[in-house]
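**Q** Assemble chains C, G and B onto chain E, guided by the hints.
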Amino acid sequence: MKLAVYPGCSLNGSAREYYESVSIVLEKLNIEYSEVPDWNCCGATAAHNLNKELSLVLPSRIIAAAENDGNEELLVPCAACFNRLKTVQRNICQNKEVKAKVSSSLDQNISATIQIHNIVEFIRDNILQKKDVEFIKPLHKKVACYYGCLLVRPHSVVEFDRMEDPQIMEQIMVKIGAEPIDWAYKTECCGAGFTISNAEIVAKLSAKILEDAIDRGAEMLIVACPMCHANLDMRRPMIEKILKKEVKIPVLYLTQAIGLALGIDAGKLGLKRHFVPVLNI
Amino acid sequence: MARIGVFICHCGENIGATVDCAKVAELSSRLEGVTYSVDYKYMCSDPGQTLIKKTIKEQNLTGVVVAACSPRMHEPTFRKACSEAGVNPYMVEMANIREHCSWVHDKGEATTQKAVDLVHMMVEKVKNNKPLQSIKVPVKKAALILGGGIAGIQTSLDIANAGHKVILVEREPSIGGHMSQLSETFPTLDCSQCILTPRMVEVAQNPNIELISYAELESLEGFIGNFKAKIRKKARSVDEKACTGCGLCTTKCPSRKIPSEFNENMGYRTAIYVPFPQAVPNKPVIDRENCTYYKIGKCKICEIVCPTKAIRFDQEDEIIEKEVGAIVLATGFNVLGTDFFPEYGYGKYKDVITGLQFERLASASGPTLGDIRRPSDGKIPEKIVFIACAGSRDPAKGIEYCSKICCMYTAKHAMLYKHKVPNGDASIFYMDIRAAGKMYEEFVRRAITEDEVHYIRGRVSRVYEKNGKLIVKGADTLLGGMPVEIEADMVVLATAGVASQGAEALAQKIHVSYDTHKFFTEAHPKLRPVETNTAGIFLAGACHAPKDIPESVSMASGAASKVIGLFSKSEMTREPLIAIVNRSAPPVYSSCAGCFLCISACPYQAIEKEELKDHRGKIMKTVAKVNPGLCQGCGTCVAFCRSNSIDIQGYSNEQVFAEIAALLNNDTV
Amino acid sequence: MEFEPKIVAFVCNWCTYAGADLTGTSRIKYSNDVKIIRFPCTGRIDFMYLLKAFAEGADGIIVSGCHPNDCHYTSGNFHARRRWMVFEGLLNFIGIDSRRIVFSWISAAEGAKWAELVNKTVKSIQELGPYTQYQKVAGTFKKEVTNG
Amino acid sequence: MDKLQKFVFDILTSKEVTLVIGYENGSANKPRPAFIREPSDSERLVFNEKCVLNLTVYLGTHCTNNPGKVAIFATLPALCSILQLASEHQIQTADLLVIYCKSNDEFEVFDDINKIEELVCKEEVVIDSKNSVLIETISKLSVEERFEYWTEQFSKCIKCYACRAACPLCYCTRCTVEINQPQWVHSPSHALGNFEWHIMRAMHMAGRCLNCDACANACPVDIPLNLLTKYMIRDIKEKFGEYTFSVNKGNLLSTFKPDDKETLIR
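Chains as they are written, first to last, in numbering that gives the first Met the number 0: chain E, 0 to 280; chain C, 0 to 668; chain G, 0 to 147; chain B, 0 to 265.
The shape of chain E in the complex, shown without the other chains (with noise of 0.2 Å):
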């Protein structure tokens, strides 16, 4: 099966950490893969609320070219883009017209048949159930794994295992030898668009989760998600007015926590790039 990796705007701007532990991870792991060329923007969070049609071509655009590169699996480590590409692809498939209309503004027959994968079952299906790989050093830590929205909803398109109670992170972590918690905001929303629009609501909404997280006695968080992480990383002064206290709970992608367990050195995984040191690994 050859496979391509869609990164998006985000995983080469404010997430190039998540990137960077995305192909460190995957070389360590011998998995080949190519980055889709030529890609372009997936249109996010904005275009399918501005313009039906933008938002389907642009993620179409970048399944095309993908299967144009002969591939048959498509990995989308950013929870936005997967969430596009998947809900673009379903449109194809299920709607003639939708996927006569894509074919012709993009020319040419798109079969929008490739598998496309969120990097959390990627790597339980693809890795930790086909290989048996050794984490030479076990994550000994209590985490909290942060799911957010867009990579479980809506169920019927993203088909991600229990929409309200996902338990795939914590079956990743414990393998990697970490401890995940039992807590109730998993699935909560951080704020995801709004960070520069409302950033008053992230904060409070990303507080929240942070404060149950810590409550709980969480030493770090895992996120699948440059925006979320995004949210509970970088507003952190805002976080910690709101909540009265100092928050030091370091949110790590869960790339960069697998990294650490293989073995591979902080710096390479971008961990020095987060707002929030991530102190005493």
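Calculated directly from the structure, the hints in this document are not laboratory data.
C-beta: ideal position from N, C-alpha, C; glycine also.
For each label pair, taking beta carbons as the anchor points, the in silico distance ranges come out as: (1) B:Q180 x C:R527: 33 to 41 Å; (2) C:V587 x B:E105: 38 to 46 Å; (3) B:V125 x C:M619: 37 to 45 Å; (4) C:K79 x B:Q180: 25 to 33 Å; (5) C:E320 x B:D104: 51 to 59 Å.
**A** Just chains C, G and B now, with coordinates in the frame of chain E:
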């Protein structure tokens, strides 16, 4: 040689105005086999019928064609009239020259000609008709009732009181079903046990009712009026005759920490136990999974203490065979598990319970003797939240349908809570309040106004524990979707009502159809709600769909009256318009090649295998046989049979061929 | 004069026959070229009957019964539906014009639909003309001519 | 002695079976059915690509009359045939040993019908290219032309019913053509009767045809009547999604799905 009489009806102007009836009569008389034809103003009128009868006698007719209105209207009338005059009713056909001719075409040649054609068609059909005798099926006047909940109890009592034998089979050690678990009942708040247990006792004492508890249906053969049921009576390990029900054994049994099913696992019972004090029969059962003796071979304390030496450790399952004429399914319902609602934390948090568990808490005979106490620490909850539609009306995760009873019992629960904890605080998250029923809406209003229950219209997104409290996060859609957070001490989920487990297997065992939710399906959604598609098997109560007590009871009485009706004669008569597999002389015996694919085509399981034997009893051939008791005469098997070995009386292949030919070759007239 | 096709309708007793009765009671007029043969259920209708009707000189055929799930016998129409789906394919392949056979679901409440169906069918069969091709084979053709 | 003969020799000597239905060389080395009861006769048996005759047509009579177990050479269509016959209660699979032959020294032996079903499930029923082309060309004709084509073909028919005799699934005790009350099929071999016979035959094969071509091979006047059933196989696949053989799935026309296609119904 056929001697057919044709009777053309004017139906006043209805036919006469557009069709030249006299001409139709005149032309019909020329048809081969027609010895007499006449037109008359009103054939269905008394003189009309007399005219037919008179002619039959005078002309000694062998068959009759009445050209008038639709057979769906007057076929019975004319068939009856003719049989009174000595012509077999199935030698009478009607040509529909009103609905299908005079009323839908303009006056004229063509219309008259069509009337003639229709008459011609029926004349040719009648020539191929055969005199038929209506089918008589003997009826064994005993009923088998499966399920001893309130529905089963009601049906049994009604049938038994009408003087017929009843065999009531209950899966559990005692009858009573879910109703016996309930505390008070809406909308009257009278105690469930108080109204149920007298009925249970009646069952036990009624000489016409044979109660077989702790038993299940093993297999069923036969058909309406003539079923043969095998019932597996599970080993109770107690001799019911010897046992006096003193209960000493249950007090002495050492293994006492077994979760009690009756208390929805909120209390404990012993290994030898009676599910609840008022159980009928009031005889204990040994639960062999948990009995020390069956586990390690030692103990036998119950045997030692039993004053009447009624314990039978070596007792085995017993198969009881019964012959019955009718069966009523009253297997009831179950409450849905909540595992697909992880966000509500059922099973994770002790104080998130189901409605049925709350019933036990509220019940005076329950584990807390009627106090509302948290399972976790026995504290009385100051704040309680009820979540309605926990699974119902939720195609995404639960079930599409409305469980119907939850709105009412949730209101009741909140009320009971307020009565027991007057200064407590009760909130209900709901989608809609469905309180359609006598005094139901008033009941809900009372909960809201008098008992100050907070009704919050909206769904709950998550329940989680935080410093000893259950945080209930939801939305109030009447306040524009405003988020609501309640710190509750206890959460009650109104879990959906679903088909009782084993319903599907049972349905397949006795060949009744069931819907996608495993509820048994009625023969007709409006007009035959208590019958199944298998003749002689009826439905009562929640095994058909979620129902409250009054509904279950009325349905039960409905089913009972159907059974009593069936039992009112020692034979039942059925229309002989049924399929028949041909038989012929040896060596062929029957042209049926025995592929038996017709069996899968029959909607009524009316086709069975029959072994044809020679005079020495050697099996010569196995062929299909249609059971006249079950066949409803749809004819699907007839059209399906490749060797045309099945034909259907009244719509036989020969009749149809004759009709087609007659209809299309009108050059003869 | 306009060609008057001979059309036979094979209908079930519980839905379409009753539906046609309703057409009558509501006095909706339709062409008298269609004549109804009554069956207990569409499941009863043998595919050979259709061939026989053509052989006997029918120019068109209507087959109609209860809508899916409305069958008086719960599943007769489901069986019929499969039968017709397969039969239609075969007839097409053999060259028997399946436009001459009209399948329809008409309930006891759809009196108007019945009239409409009849008139539509009559019209389309008129366009197709008499089914001489099959009638020639059946040897019933000449007879048709003589009685015009 | 090749492997196949050796195997037959052994099972006959060991009395595991008392009859083997296989092929032997007939005139001009054309294979013909052979019924072997003596171990010594097993040398007569052959198997090669010319062995296409579907031997299961003999199962009905020979199985029932034969004391003891019967072994039979089977090609793929024959395997389907065995499943279908079993599902239609025409054979006792208990006393049947099936030898699925690929060549005279490569074969698989089945005494469990379910194993056969497993194997057959994997093999999709496919129409060979030659016939697919024919079907295509015929389908392209206008409806009248198609009728003409078949009128011409059927006009050859002499109603010898060899097609019926050769088909393992035509086992009725009394075929419908032999019924004259009512006359389902016009008996003389005239156009009408021929149409009725061939249409009826095809319809009776709906969802059952084994795609073994026995009927066409048997036809003395070379009517391509296997095209009818082959076309239906294709059509059924299209309309109902699959075309499979199974011991207990029931027959295409004796079962249904509430959501079956109903494209033709108004």
